[in-house]
Each structure stands twice: as structure tokens, then as C-alpha cells.
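Enquirer: Each protein sequence line maps, in turn, to chains H and D. Heads up: the first sequence runs through residues 1083 to 1479, numbered per my numbering. Heads up: the second sequence runs through residues 1083 to 1479, numbered per my numbering.
Incorrect hints may have been included.
Since the list can't tell identical chains apart, any single copy or any two copies may satisfy a pair.
Stated by the list, open to error - In silico SDA-like pairs for lysine to any residue, Cα to Cα no more than 25 Å straight-line:
id, residue 1, residue 2
1, K1403, Q1151
2, K1403, N1168
3, K1405, S1218
4, K1396, K1406
5, K1126, S1390
6, K1126, R1387
7, K1403, E1438
8, K1405, G1153
9, K1405, F1224
10, K1406, G1161
11, K1340, G1398
12, K1126, N1404
13, K1126, N1168
14, K1436, R1165
15, K1405, Q1151
16, K1436, R1387
17, K1436, G1153
18, K1217, K1403
19, K1406, L1150
20, K1126, A1437
21, K1403, G1153
22, K1475, Q1456
Hints listed in this document are in silico derivations from the structure and should not be mistaken for laboratory results.
Below are the chains, spelled out letter by letter.
Number of protein chains: 2
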Amino acid sequence: MINFSWQVEYQSKNNNARTGILTTPHGKINTPAFIFCATKGALKSLTTNIAIDNNTQIILSNTFHLMLQPGSDLIANHGGLHRFLNWNGPMLTDSGGFQIFSLGYGSVADEIKGSANIKRNKTLLSISEEGSLFKSYVDGSFKLLSPEKSIEIQRNLGADLILVFDECTPFHVDKSYTEMSMRRSHRWATRSLNRFNSQIKYKPCFGSAGEQKLYGIVQGGIYEDLREESIEFNLNKIDKFGIAIGGSLGSSKEEMYKVVNFTAPKLGNKYPIHLLGIGDPRDIWNLVKSGIDTFDCVSPTRLARHGSALIKGKLGKKNIKNKKFANDLSPVDTTCGCSTCKNYSLAYLHHLFKAEELLGLQLVTAHNIYFMNQLMKLIRISIENDSLDKAEKDWFS
Amino acid sequence: MINFSWQVEYQSKNNNARTGILTTPHGKINTPAFIFCATKGALKSLTTNIAIDNNTQIILSNTFHLMLQPGSDLIANHGGLHRFLNWNGPMLTDSGGFQIFSLGYGSVADEIKGSANIKRNKTLLSISEEGSLFKSYVDGSFKLLSPEKSIEIQRNLGADLILVFDECTPFHVDKSYTEMSMRRSHRWATRSLNRFNSQIKYKPCFGSAGEQKLYGIVQGGIYEDLREESIEFNLNKIDKFGIAIGGSLGSSKEEMYKVVNFTAPKLGNKYPIHLLGIGDPRDIWNLVKSGIDTFDCVSPTRLARHGSALIKGKLGKKNIKNKKFANDLSPVDTTCGCSTCKNYSLAYLHHLFKAEELLGLQLVTAHNIYFMNQLMKLIRISIENDSLDKAEKDWFS
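So that you can see chain H by itself, here it is in the shape it has in the complex:
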């Protein structure tokens, strides 16, 4: 029985875009696909059943958050995260590496918008060869996250796809720091792999959430020679199922496109390629052409909670709180088949946000999730029709 597999279904004639099928013990993912963030084990305002109703293929949760609250032993007691949060589909966990970066410097999106903190905040205490020392936001205690610890936690959580532990270097550090950090992340990747191989299941007595597969992460910031070195490491030095592109993607969209377009094609099509932390439809249209197979970002669900419903076109969203929607009897998008657009008007959603009714967050989240899944479906169809450029142009016109 093959629990895991990766197969490219169609390779574009015009660029590096491709469609594929990523098979896990919890189901198949048609790629390119979007992975939604259940950061702390919940899609914020949405049940997993509604996420499925709106075509969700895969979700992710975060090692960093779950190790602090409720703790991975407790989740292992449940037989894993799938059962804990009632999700029977494919799942990924990150290694906690991205959160070290966020804690220390601000998020990738902040950085691309130029609003990242230049100074580290006080939650991240130190990064050493051993791992990362930080202060728990739950109880203020000191915690060390190391490659071994990250893998142990991810073994406990039991997601199908898990990541090696890395430092996600920011843009504003110099090349020598990026190089040093990258090489340390490579050593951490080797340690992650060793720990991964030494324990099929960290606590097998707790029941099984199925087999797991490991992703490596390409570092190197915006420096092509460093990216080359990291690509070489990931392709030839560690045993992995998939490869993620991490680290700094620069300080502008142009730089990000350049880094990804330099990196992804060199990774070939033997492994599914994940791009960490990117969710803007404009970026997704662009970066599937470099060969990215999966994306994740909190943005679709976070935007929803701020009242932004995603739509096609240059504008990209409707601000539900805008007064102009107060008496608008049409749904967010008359052509949308989501559970929200089928049942509710803009006027109702506007009312819910004005009246601070929790239901509003849930309904716009459901729309944004369906929207992203439809976007990815359209991209898959367009790749297989060799009409990606036209479809992208139509999308924004």
C-alpha cells in the first residue's frame, strides 16, 4: 500500500507551471493547492466541516503555538491532531521555524510591506547551534525549540506532512548572517531528519495518526549563490519527501518573484514544492509559473475577520464594513458558489459587522476559503489548457 506519493500530472508548455497529485494517508491533494492555517488547531471562526463544504483540501497547524497550548502530549493522547480538531483530510505542520522569525523580526508580509520591526522583540531570547530559546506567550516560561524537539512535537501532532526545523532569516540582516544562518539551518535539517528517522512514532502507544513525510527547506535569502548552495543541500544531502522555499524573499514583490523564480525551477519536479507564507492571489498567479505546488498564508482567513471579502479583479476585495454595502441585496459575488454567497446578502454581512455579531467573521471566512480554492482550481485547469497567462489577465481585468 502506498501511503504517500507525488506525481506531476501535466507540465506546462509555456513555463514551469505544473499540475500534480500529492497523495497522503488522509487523502489526495490536487496541486497547485492552497493550505489554510488552523494555527492553534482551529480555522479561527470556522468548523472543519464548513471548510470541507467550501472545497478545502488541506490545512496546517503550528508547532510553535500548539507546543505552548495545549501541548503536544495532550494532542498525542487524542491520537493526534486530526482527531483533536476533527479534520480527516491531509494536514501539514510547520516546524516552529517561521515563528522564531515572526517573533524576532515580524512576518514575511510585514517585511514585504516594509513594516517589519528592525529590532528583535523580547519574546525571542536567543538563537544558538542548539536551537532557539524564547519566552512562552502563554505563561512567560523559557522554552527551547531545537530540531529534535520540533520533530518530536510534530511526531506527536501526527500531521501527514512535516517540516525540518529552520531559522527563517529576515531581509534586513547582511549576507554573512544569512550564510551562517543557512548553514546552521542545514545542520538543523540533518538533525531533524535523524530524529525523524529514529522514531517512527514518538509515542506510538498513543495511537496512530498515520505515517508522516518530511519536507526540507531551502534558505539563502535573496542571494543566488546561497540559494544554489541550499538547493544543492536539499536535493542531494537529505532524504525528503518535499521541499519548501523559506527564508527571506526580499523586500518587494519583484524581489520575491525573482528569488522564487530562481529557486523553484532548479528543484525540478521530483518533489512537491511548497512556498511558505504567501497567499496574495496576485503572487499565486505569478509564482505557480515558477513551479510552486502548494502555498500557505493566514491572509484569507485574517482578511475575513477584518471584513475583507476576496473577489476577482484588480481591487481584490470588498470591504464589508463600507457603507455602500448597507443596502446591497446581492451576495459578495453573484457567481460564487460558497455557502455564504448562496445564502446571505452584502447588506446582511454589513449588518453583522456593524452590530459586531460573531457570525459575520465566520461567513466571510467561509467565502474567502471557497474563493481561494476556486482560484487554485482555475489555475489547475488553466495550466492543463496551457492558458494560464490568459486566465490571469482575465482574472484581473
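Starting from the known structure of chain H, fit chain D onto it as the hints suggest.
Expert: Relative to chain H, chain D alone:
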């Protein structure tokens, strides 16, 4: 075609309890039944679809809140509240009378707990023969709610069952105020009825949410002679479909039981009897024996948002936030068939509340709604088996 009807199905041999079927153009309600509060047009954190999945028969919304935000004209534009909030089942709206009381004095529950404000707060400006003048909590503007205005708004909203406009007198006022207020509420009831009869549909061009039927309200506080006078008024002086019991129910549960047990039996079984603002299972077990057919209260959904999951027994609830549930792999109630108990553990719910994840509010709300609907179903079966006392005893043992 009969759009509305009321029929007693079984009259208990032991007390005034009865089962019945209340038919509306949007469906039938098996009584005794609980009506859930979609105060501002939403069941707070829950979609109407999930409410239906958890056996909800009927919901109510509030004239007072909806007149201020988003306004009843807007809802009429939608063809009524049913379409606005995506609920195709039976619906009731209150007249705004209860909110005058809440604004001025605190809620019924506050009063029974002895924690009502003795002084009126500043939102309620005055009550006169014309109606009630108050300050909008949305924009600070002055608003008058009169019997005519309340009925016009309720015609716009289009709920199946609507209420005459009344003042819900508090306990701490003296008998002479209660008497004066009751007689004014009777005059308001007549004005409500006149307005109701003069307009089949306030703005019929806006589409139809179906026919509507009016409930009278029995006032008189804790004074039996006043309750007698109000019962006589409601039975013989106005044309109504059902009768609600309103006004002060005293300052203790014993007093409330006494008032309801004095009033409800005298109303007979020709009309469905609604008790306003009561939702504690202990009270419901007790008061169905007086002949109450429907109850409403925010408590099941409000308790859920505070982390209290309703259970059988003397305790009556589990506080999800209690540390003892942190590692409890069982659901709230192993015998419960709600969408939450079927899919989620106490440990997960505890985690969601600790992590301040919105999903927690939704999942406990779904449980509490199912719980109340199961309670009412058990009560109906027990009435028809003439085993109500035994069923009540078992419930709390």
C-alpha cells in the same frame, strides 16, 4: 389553506401540562418548545443551518435592536427577516417592550437574582401614553417606540408571530404603578391590534414573508387581582392568536412559579401560551406544568459564550474553562447527539477557550441549543406518557 393553527395534542392527567402543535406558514412547532434568540438577526456565533442540524424549531429577533441597526425598511427590502438571516422556519419578534424594561431597570434574570438596577439608566428617557422615548445605542439619536411604530416595524420584519407593544414593569415599583402601567399596556395592546388590522403588510410592495399572527401580553406583576384583570382583558377584549405572560414575575423563583401558576391555567388551552424571558431548565420543568407552551431566553447561547455547556443534573452545566477538562478526551456528554459532542472532546473545547479561538463559542452554542431542544422533546414525551414528575426527578438525580 390554513396558514396558522394551534391544537392541543395531549392534556396531562396530573397537572396543566400539555403538548400541542403550533402551525405557521413557515412550519410546525411541537410544544412545549424553546425559542432561541437571534437578537440582532443572528444566533451570535451560529449559522441557522447548524441550528437546524441541532433540532431548532423556532427563533426570535428583537424589534428594538433591529429598528436601530440595520432598520426595518432595509429588512423589508429583503422581503423580510426570514430571507435576511437565512431562516426558513417559524419565527417570532418581540415588540420592543421587553427592551424598554431592560434599558430602564435591568433584565428579568437580573431581577430574580436581585441584581437589577433600582434607578433607571439614562438610555430610557421617558414612558408616556404615546409610547417610549429612548436614546439609540447606535448613534445617540432620540427614538420613540409606540404601539403603532412597533407593529409597523414587526410588519416590515415579517416574523410569523408578533407581539403587542407593552411595558414590562419591574418588581420594585409599587402596586399603583404596576396597575397604571398595566392599563396603559392594555390601551397599547388595543392600539397595536388596530394598527395590525389596518395593514395586512406595511410595505407589501417589498415582497411577502407570509401572513402574521399577533400575541397579547398578560401584565399585572405579582398582584393576583391585576393579573386577573389582565387575563380578562387578553381573553375577551382583543383579537389574538396567542397570549404571552409578561411583566414582573417577582423577585424569586418561588414568586415566579406562583405568578405563572396563577396566570397560565386561567388562560385555558384555546391559545398557545408563551412565557417571556425564562430559560433555566429547572424553571422550564416546573412551568410546563402550569401550561406554558413556549419559552424564550438568551441564556442557552449566552452561557455558551461564557464557556458553560449545559448538562443534566443538579449542577446543570460544565464550565469548559475549568482546568479539570484540560486533558478530558470525552465529549461534554457521552450520550449527547449534538454536532459538537459527536466530533469534539472537552479537552479540545477547553483548549479553544484558553487560546481564545472563536470556534469554541460556536461549538458550545451548538451543544446548548441541541441540549435545550432535547430537554423540550423529553418534556413532550413525558407529558404524553403522564410521567413528567418522574422524568423531572430523573433529570436532576
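Enquirer: Since the copies are identical, ignore which copy is meant and state whether K1475 and Q1456 lie within 25 Å (CA to CA) inside a copy, between copies, both or neither.
Expert: Within one copy, since 16 Å is at most 25 Å while 54 Å is not.
Enquirer: Regarding K1436 and R1387, is the shortest C-alpha distance of 25 Å or less found within a copy, between copies, in both, or in neither?
Expert: both (13 Å within a copy, 20 Å between copies)
Enquirer: From the Cα coordinates, with 25 Å as the cut-off, is the pair K1126 and N1168 best called within, between, both, or neither?
Expert: Classified as both: same-chain Cα gap 14 Å, cross-chain 22 Å, threshold 25 Å.
Enquirer: Please sort K1340 with G1398 into within, between, both or neither, judging by C-alpha distance up to 25 Å.
Expert: within (23 Å within a copy, 61 Å between copies)
Enquirer: Please sort K1396 with K1406 into within, between, both or neither, judging by C-alpha distance up to 25 Å.
Expert: within (19 Å within a copy, 51 Å between copies)
Enquirer: Is it within, between, both or neither when you check K1403 against G1153 at 25 Å Cα-Cα?
Expert: Result: close only across copies, 16 Å inter versus 37 Å intra.
Enquirer: I want to check one pair: K1406 and L1150. Are their C-alpha atoms no more than 25 Å apart within a copy, between two copies, both, or neither?
Expert: Answer is between: at 18 Å across copies they meet the 25 Å cutoff, but 43 Å inside does not.
Enquirer: For the identical chains here, do K1405 and Q1151 meet the 25 Å Cα criterion within one copy, between copies, both, or neither?
Expert: between (39 Å within a copy, 13 Å between copies)
Enquirer: How do K1406 and G1161 come out at 25 Å by Cα distance, when the copy is not named: within, between, both, or neither?
Expert: between (49 Å within a copy, 20 Å between copies)
Enquirer: I want to check one pair: K1126 and S1390. Are their C-alpha atoms no more than 25 Å apart within a copy, between two copies, both, or neither?
Expert: Both. Shortest intra-copy (15 Å) and inter-copy (20 Å) distances satisfy the 25 Å Cα cut-off.
Enquirer: What label fits K1403 with E1438 when the C-alpha limit is 25 Å: within, between, both, or neither?
Expert: both (11 Å within a copy, 24 Å between copies)
Enquirer: Quick one: K1217 to K1403, C-alpha cut-off 25 Å, is that within a copy, between copies, both, or neither?
Expert: Between copies, since 24 Å is at most 25 Å while 37 Å is not.
When held up to the earlier numbered hints, the structure conflicts with none and fits them all.
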